[in-house]
Amino acid sequence: MTISAATAPGLDQRLLKFIQQLFLPLLGIFTALLVGAIIILLSGFSPLDAYSGLFLGAFGSWEAVNTTLSTATPYIFTTLAVAFAFQAGLFNIGAEGQLRIGAITAAWVGINTGGLPPFVAVPLTLGAGCLGGVLWGAIPGALKAFSGAHEVITTIMLNYISGFITAFLVGADGPLKGSRFSSTESIGENARIPQIVLGNPLHWGFIIAIVTALFIYWLLKNTPLGFEIRTVGANPSAARYAGIKVARITIITMSVSGLLAGMAGALEVMGSSDLRYRYNANLGSGYGFDSIAIALLAKNNPIAAIPAALLYAALRSGATKMQFQTVNAVGQQLPGDLISIIQALVIIFVAADQVLRWLYRLRQSSGPTVLLSRGWGKAE
Amino acid sequence: MAQVQLQSGVIRQEATPLNQWLKRLGWPLTVILLLLAIFIWRSLTGDQPLADLMSVVIISLTFATPITLGALGGTFSERSGVVNIGIEGMMLGGAFFGALAALLTGQLWLALLVGPFSAMGLAVLHGVLSIYFRVDQIISGTVINIFAFGFTSYLNALLLRDNKKTPVKLPGFNFNIGTSPYSLGIITVVAILAVFIAHYVLFYTTWGLRTRAVGENPKAADTAGVNVFTVRYLNVAISGFLAGLGGIYFSLQELGYFTEGMTVGTGFIALAAMIFGKWTPLGAWGAALLFGFSQTMDTVLQSWYGQVSWLHTITQALPYLVTILVLTGLVGRSRPPAAVGVPYVKQ
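Which chain is which? The protein sequence lines are S and E, in order. For what it's worth, the numbering used here labels the leading residue of the first sequence as 115, then goes sequentially. For what it's worth, the numbering used here labels the leading residue of the second sequence as 7, then goes sequentially.
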């Protein structure tokens, strides 16, 4: 007679739990697309045209898939940045600014790498970009740690300020201006990231992104620092009682968050042949709020950030084809801003899953949530 | 100034007489000193010091308009306990729908209603998400911002952008000081009136008392018979209305048409003004004037000294830098309503 001892949940149970966790986000995406379809219909367009165009534009050809994956690369980084900060209860909307500063620092170093061999130039340039991001993330982190200034506003302000600074640097009489208006020179050949398959926009940055996501996941789950970060996020008073220095964690978290976003910018400059390996003033727009959406979609899980970012990248890269293919009776094209609406809807339905449950009459959840609203400027 | 370290590690200023006096006079004093400084400077370097001074005052009042209205809206919402980060989105919504109404019907008075009411709609959405569904209020506000941006850009592209219509602007009050003509926009006047009305409502009426009670201790208010949810919904709606008025400033007073994202972060600056103003209407107005002033310096310095790009970068960034400075409490600490940000659960 065998006695079966209590063991860890079996493979099928874990699979079931995994599928259950996926269910709500997928339902949310589906509902968002549904509402999007209604909006499209009400505007006089055909949802069928629109969504088929979207899908084809994102995945319809080898070229399209490449574009989608390379669009996803910076999104993965910025999402990791936002999700990482969320784990500590911090709302980092500054991914856009941190990306910009990282990109321009990387561009500056990359232009000036002289005759250095690639295995020195590339890390140097990337490192510079990361440092730029760290700086732009550490500022709101320190402000929050020492004076309680709420990071939602400080990061948004810094986004705008970074825009002014970079616009000046590549502007009419800016020091970093290259031969083209509003952008720098191309960075040296030795500082560039090669493409995975020659001729396609997808570069090794994508692989770096995946590796980074795995690393961040490991960092959060298996290191003391990760534990401290998650504790501060779950309950700052308890964390403080346990001896964790909340101020230190705040600054470290925002710095790492900024580093990740800076990496996004640096890799875009270093690897994107579309951008001609240069920084231009338009880089970074829209990443801030988009990455919050993706992070919420991925429930702040670094691994889940990859498919979530791919989804968003697909929405973005499919948008052009969708616009092209969807024409109404008056001959107007469907405005691409519909994508922003769908993205907003995705957040509503996924992050605020209470709304979904209400819509579909589902049971209440019992899982833990990260408390984000603790009011303004209160030093805990 | 003596400093006292409290248990929680927060350093507060001890209330010495000089300190109290400065606090009392804080706003008017700062503003007067700044204006005096400008007057003296322009007397030395320009040729029309009084006219320059008046320009600075009028332009500051004008730039402060949307910030004032946004901050007033934020004050009402937060005083009742609901964090309203979505002011930026509500402003944008008000700007767009007001412009839409004005450009499609040509009736400006209609726009003055449509704009704020559509912003109110967005606010009610925020209210439903955060009060009924108890979604995290910052997420809910951020969602409103993203949604408003996408929605207004979408409709703009669909309906307004390609129809080149002539800009429609609200009339202003034109007056002359000396020989120089000045104009004070109608929304600016409305904003100033709103400050005093809000002050009266919040501190001298039953409604204001209920609002503040709900924001400080909803449980006690509930026990006393106040419907916490109704009070919160109404205050959030009011904040939307005011934000919408602020939005109309952009599309109908400043430019005459709508452009995507035309509020450029003003909603967030308004929140900082609210915090700086200690969650009071008069304080919010003073803070808004400060921000408006820093925005003015950019325009004014350009017109006095011409385009210098690095200086322009600094002056452009000035309002945003001031916002950050304000939030760090370097320029004064303030205490938010005790129950702000926490969804109320009736037990």
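Don't read these hints as lab results, they were simulated from the structure. Just so you know, even glycine gets a beta-carbon here, dropped at the ideal spot from N, CA and C. Don't take every hint at face value.
[To be verified] Pair by pair, the computed Cβ-Cβ distance ranges are:
| no. | chain 1 | residue 1 | chain 2 | residue 2 | range |
| --- | --- | --- | --- | --- | --- |
| 1 | E | Thr305 | S | Ile321 | 45 to 55 angstroms |
| 2 | E | Tyr210 | S | Pro289 | 49 to 59 angstroms |
| 3 | S | Ser296 | E | Leu317 | 12 to 22 angstroms |
| 4 | E | Asn180 | S | Ser296 | 34 to 44 angstroms |
- Hint numbers not upheld by this structure, sorted from lowest to highest: none
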